[in-house]
Amino acid sequence: MAGTSSVNEKAEGGMKAKRTVLTVLATGWFAILSAIIVFPLLAGLIASFRPGTELIRKGLSIDLDFSTMTLANYKYLFGGNADSQKYMMWYKNSLILTAVSVVLTLFICYIVAYGLTMYNYKLKNFLFFIVIATMMVPFEILILPLYKEMISLNLIDTMAGVVLPGVCGASTIFFFRQYMTGLPKELLDAGRIDGATEYGICFKIMMPITKPAFAAMSILCAMGAWNNVLWPMLVFRSAEKFTLPIGLNTLLTPYGNNYDVLIAGSMFGIIPVFIVFLCFQRYFIDGMTAGAVKG
Amino acid sequence: MSKFKKFFYSQKAAPYVFVLPFILSFLFFWIYPLCSTITMSFQDITPTGTEWVGLKNFSKLLKDTVFHTAILNSFEYMILTLVLLIPFPMLFAVLMDSRLVKAKGFWKACLYVPALTSVVISGTLFRLMFSEYSTGQMNVITAALGLGTFKWLKMKATGLTALLVVCCWRWTGVNMLYFISGLKAIDTSLYESAEIDGASAWQKFRYVTIPLLKPTTIYVLTISVYAGLSMFMESYMLWAGPDSPNNIGLTIVGYLYKRGITKNQLGYGSAVGIVLLVIALAINIVQLILNGTFKKEED
Numbered sequence: 001m002a003g004t005s006s007v008n009e010k011a012e013g014g015m016k017a018k019r020t021v022l023t024v025l026a027t028g029w030f031a032i033l034s035a036i037i038v039f040p041l042l043a044g045l046i047a048s049f050r051p052g053t054e055l056i057r058k059g060l061s062i063d064l065d066f067s068t069m070t071l072a073n074y075k076y077l078f079g080g081n082a083d084s085q086k087y088m089m090w091y092k093n094s095l096i097l098t099a100v101s102v103v104l105t106l107f108i109c110y111i112v113a114y115g116l117t118m119y120n121y122k123l124k125n126f127l128f129f130i131v132i133a134t135m136m137v138p139f140e141i142l143i144l145p146l147y148k149e150m151i152s153l154n155l156i157d158t159m160a161g162v163v164l165p166g167v168c169g170a171s172t173i174f175f176f177r178q179y180m181t182g183l184p185k186e187l188l189d190a191g192r193i194d195g196a197t198e199y200g201i202c203f204k205i206m207m208p209i210t211k212p213a214f215a216a217m218s219i220l221c222a223m224g225a226w227n228n229v230l231w232p233m234l235v236f237r238s239a240e241k242f243t244l245p246i247g248l249n250t251l252l253t254p255y256g257n258n259y260d261v262l263i264a265g266s267m268f269g270i271i272p273v274f275i276v277f278l279c280f281q282r283y284f285i286d287g288m289t290a291g292a293v294k295g
Numbered sequence: 001m002s003k004f005k006k007f008f009y010s011q012k013a014a015p016y017v018f019v020l021p022f023i024l025s026f027l028f029f030w031i032y033p034l035c036s037t038i039t040m041s042f043q044d045i046t047p048t049g050t051e052w053v054g055l056k057n058f059s060k061l062l063k064d065t066v067f068h069t070a071i072l073n074s075f076e077y078m079i080l081t082l083v084l085l086i087p088f089p090m091l092f093a094v095l096m097d098s099r100l101v102k103a104k105g106f107w108k109a110c111l112y113v114p115a116l117t118s119v120v121i122s123g124t125l126f127r128l129m130f131s132e133y134s135t136g137q138m139n140v141i142t143a144a145l146g147l148g149t150f151k152w153l154k155m156k157a158t159g160l161t162a163l164l165v166v167c168c169w170r171w172t173g174v175n176m177l178y179f180i181s182g183l184k185a186i187d188t189s190l191y192e193s194a195e196i197d198g199a200s201a202w203q204k205f206r207y208v209t210i211p212l213l214k215p216t217t218i219y220v221l222t223i224s225v226y227a228g229l230s231m232f233m234e235s236y237m238l239w240a241g242p243d244s245p246n247n248i249g250l251t252i253v254g255y256l257y258k259r260g261i262t263k264n265q266l267g268y269g270s271a272v273g274i275v276l277l278v279i280a281l282a283i284n285i286v287q288l289i290l291n292g293t294f295k296k297e298e299d
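Listed in order, the protein sequences are those of chains W and R. Counting along the first sequence from 1, when you hit position 278 you're at 278 in our numbering, and nothing is skipped either side. Counting along the second sequence from 1, when you hit position 262 you're at 262 in our numbering, and nothing is skipped either side.
Hints were generated in silico from the structure; no laboratory data involved. Everything numeric in this text was worked out from a predicted model, so none of it was measured. Backbone N, C-alpha and C fix where the C-beta goes; we use that ideal spot for every residue, glycine too. Heads up, some of the hints might be wrong.
To be verified - Only some residues are given here: those of chain R computed to face chain W with a beta carbon under 7 Å:
| id | residue |
| --- | --- |
| 1 | Pro-15 |
| 2 | Val-19 |
| 3 | Pro-33 |
| 4 | Cys-110 |
| 5 | Thr-117 |
| 6 | Ala-280 |
To be verified - Cut-off 30 Å, straight-line C-alpha distance, at most; resulting in silico cross-link-like pairs (DSSO-like, lysine-lysine):
| id | chain 1 | residue 1 | chain 2 | residue 2 |
| --- | --- | --- | --- | --- |
| 7 | R | Lys-204 | W | Lys-18 |
| 8 | R | Lys-104 | W | Lys-124 |
| 9 | W | Lys-185 | R | Lys-12 |
| 10 | W | Lys-185 | R | Lys-6 |
| 11 | R | Lys-3 | W | Lys-124 |
| 12 | W | Lys-18 | R | Lys-184 |
| 13 | R | Lys-184 | W | Lys-211 |
| 14 | W | Lys-148 | R | Lys-56 |
| 15 | R | Lys-63 | W | Lys-18 |
| 16 | W | Lys-204 | R | Lys-3 |
| 17 | R | Lys-104 | W | Lys-16 |
| 18 | R | Lys-184 | W | Lys-148 |
Unchecked claim - Per the computed footprint, the stretches of chain R lying under chain W, defined by three or more beta-carbons under 8 Å from a beta-carbon of chain W, are:
| id | segment |
| --- | --- |
| 19 | 57 to 68 |
| 20 | 129 to 136 |
The whole structure should be built from the sequences, with the hints applied where relevant.
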C-alpha cells in the first residue's frame, strides 16, 4: 500500500469511490474486533454494579437494565468493613511489591547490561551467552526447586522471596544492552579524562542518557509485577501479605458469598495499569516490541 | 585496604562488579534450582526422608495416563494457538499498517487492553462468561446462533475452546503489535519497485511482506511455543484450581503443580518438569537448526 499517493492524485472518481469503500470496510473491521475484545471487560464493569449473587446464578452477561444497577458493591468495597480492609491491604501490598521490584529490577538489570556492553574482557561474550541461555528454560520448570529453596532460605512468605528470583530478568538485561550498544563509548573516555571513576561514569554520565530505556522497561516491569500470580501465590501464605491478584483469587470459590467484592475489586484493580497505559502508551509498545524486530 | 580500593576502582575490576548481581542470581536462582530439580527427579521425597530411586519416576510417568492427557492437552493447545495467533495477527497488522484504516491509535489501544489485565481478572471474567447457565454470555451467543447451550467447562472440546478464546483474547493485539513493528522495519522502496514491476497486492504480501517479516514471525513463534507448552494459570483460573472434570483442562505445568505442590511429591513433580524441559530444549534446537539453514539460503 506504500507509495500510492502520487497514483492517488491522478486517480479517477471510480478509484476514489472504491478506496472509500475499502476504508470503511477496513476501519469497520477493526471497530468490530475492538468491540469484541473490549466486551468482556465492559460486561464485567456492568456486572460490578449488580449484586454478586446474580453472577453466581446467571453467569456474566450484558444486561443493560439500569434500574437494577446500584453502587452497593463499591460502597461495600470502600465501606471500611472487614472485607474492605482486607481488599485495601492487598491493594497496598501490590503497590509496594510493584514499586520495590521495579526499582530493584531496573537498577540491577541496568548495571549488568552496562557491564556487558561498555567493557571488553574475556568473559563478556560467555556471560551474555548465559543471559540468553536462561531465557530458554521456562520459569515454570523451576517453581518446585525454587519453592524448596525459599523454604530452606527462610524466605517463604516474605517479599524478598517473591522479588529476588526475578530481579535479574534476562529480557530486561537484553533490552538495556540492545539500547546501550547504540550509545557513544567515547563518553566513557571523556569521563575518565575528567577524573570520574568507573562507577561515577556509569551512574552520573551514562544513566541519564539511558532514560528512554528506563521508561520503557519500568512500565513493562511494573505491569509484570502488578499482574504476577503464579510465583507470589506459592511464596505468600498469610492472607495479610497477599497481593491483589492472589487475594482476589481466594474469593473465587464456587459457593462463595464474596462475588460482590470479587467483581468490583477486579474492576478497581485494573485501574492503575490502565491509567499508566493511557499516559505512556508509546513506551509500552516500544518496550514490548523491542525484541521482536531483531529476533 | 587502599590496594583493594585501587583494584575495585580499576577498569579491570569494574565490569565484574557490574555483572556480579547477575552471576549471583544465576547461581542461586537458576543453576542451583535446575540442578536440584534434576536431582529430585531421581528421588522419592517424603516427609520421613529422601530415597534415591533412579529412573522410577520416569518409568512411572511413561505409564501415567493422567500425564499423557496433560501432554496431549498442552500440545493441542500450543499447536492451535500457533494456528490462531500467527496468521491472523499478521493479516491484521498488514491491514492496520495500510492507509485504509482511520483512527489507528484508538483501535491499537483497544486491542492491547487485554494484555494489561491480570490473568486472575480475565480468567474470572471468562469463567463467568462460560457459565453453564443459559444466561451466561457464551450460551446467549450460541443460542442466538441456533447452536443451543453448552456446559462449556465440563466437556473436552468446549473446554479447549474456552482456553483458546481466553488466549486469543489476550494475545491477538500483542502479536499484531509485534508484526506492525516488524513491518515498520521493511524498506518501503521494496514495495515501490514491486509496484513498478506490476505486482498485485497479494503478490506484494506473498513475495515481499512474508519473507521480510520472517525474523518477527520466528520471534512470535518461539514465544508462542513456550507460552503454549507452559500454560497453566489460564486453566487454573477457568476451573478455579488445578482440577478439572476428567482432566480436560490439565496441562503439563498443571500436573507439575498438582504433584509437586498440592500432593507435595517433589520428586515426581520434578520428573514432570524435566520432561517439559527436554521438550522445550528439543524444540529450541530444531528451531535453531532451521534458522541456521535459512540464513545460509539468504547468503
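A quick look at each hint next to the structure:
1. For Pro-15(R), the shortest C-beta to C-beta distance to chain W is roughly 4 Å, which falls under 7 Å, so the interface hint holds.
2. A least Cβ separation of about 4 Å between Val-19(R) and chain W falls short of the 7 Å threshold, and the interface hint therefore holds.
3. Among the interface hints, the one on Pro-33(R) holds; its C-beta lies about 4 Å from the nearest C-beta in chain W, closer than the 7 Å criterion.
4. The interface hint given for Cys-110(R) holds, since its Cβ lies 4 Å from the closest Cβ of chain W, which is under the 7 Å cut-off.
5. With its C-beta approaching chain W no nearer than about 6 Å, Thr-117(R) sits inside the 7 Å limit, and its interface hint holds.
6. At a threshold of 7 Å, the smallest CB-CB gap from Ala-280(R) to chain W is about 6 Å, leaving the interface hint in force.
7. Annotation: proposed proximity of Lys-204(R) to Lys-18(W) holds, straight-line Cα distance about 20 Å (limit 30 Å).
8. Distance hint between Lys-104(R) and Lys-124(W) is unfulfilled; the C-alpha atoms sit about 42 Å from each other, more than 30 Å.
9. With a CA separation close to 16 Å, the supplied pair Lys-185(W) and Lys-12(R) stays within the 30 Å bound.
10. This hinted pair checks out: Lys-185(W) and Lys-6(R) have alpha carbons roughly 23 Å apart, not beyond 30 Å.
11. For the suggested pair Lys-3(R) and Lys-124(W), the alpha carbons sit about 25 Å apart, so the restraint of at most 30 Å is met.
12. Proximity of Lys-18(W) to Lys-184(R) is assessed by CA-CA distance (about 26 Å); at most 30 Å being required, the pair is judged to hold.
13. A C-alpha spacing of about 23 Å is found between Lys-184(R) and Lys-211(W), which places the hinted pair at or below 30 Å, so the restraint holds.
14. Restraint check for Lys-148(W) and Lys-56(R): satisfied, since their Cα atoms lie roughly 21 Å apart, inside the 30 Å limit.
15. For the hint pairing Lys-63(R) with Lys-18(W), the CA-to-CA distance comes to about 62 Å; that exceeds 30 Å, so the pair is violated.
16. At most 30 Å may separate the alpha-carbon atoms for a hinted pair to count; Lys-204(W) and Lys-3(R) meet this at roughly 25 Å.
17. Among the hinted pairs, Lys-104(R) with Lys-16(W) is consistent with the structure: their alpha-carbon atoms are about 21 Å apart, no more than 30 Å.
18. A threshold of 30 Å between alpha carbons decides the hint, and for Lys-184(R) with Lys-148(W) the separation of about 46 Å lies outside it, so the pair is violated.
19. Here the segment 57 to 68 of chain R counts 0 residues with a CB under 8 Å from a CB of chain W, which misses the bar of 3, and the coverage is violated.
20. A count of 7 residues in the segment 129 to 136 of chain R with a Cβ less than 8 Å from any Cβ of chain W is obtained; the coverage claim is therefore met, three being the minimum.
Checked against the numbered hints listed earlier, the structure breaks hints 8, 15, 18, 19; every other hint is satisfied.
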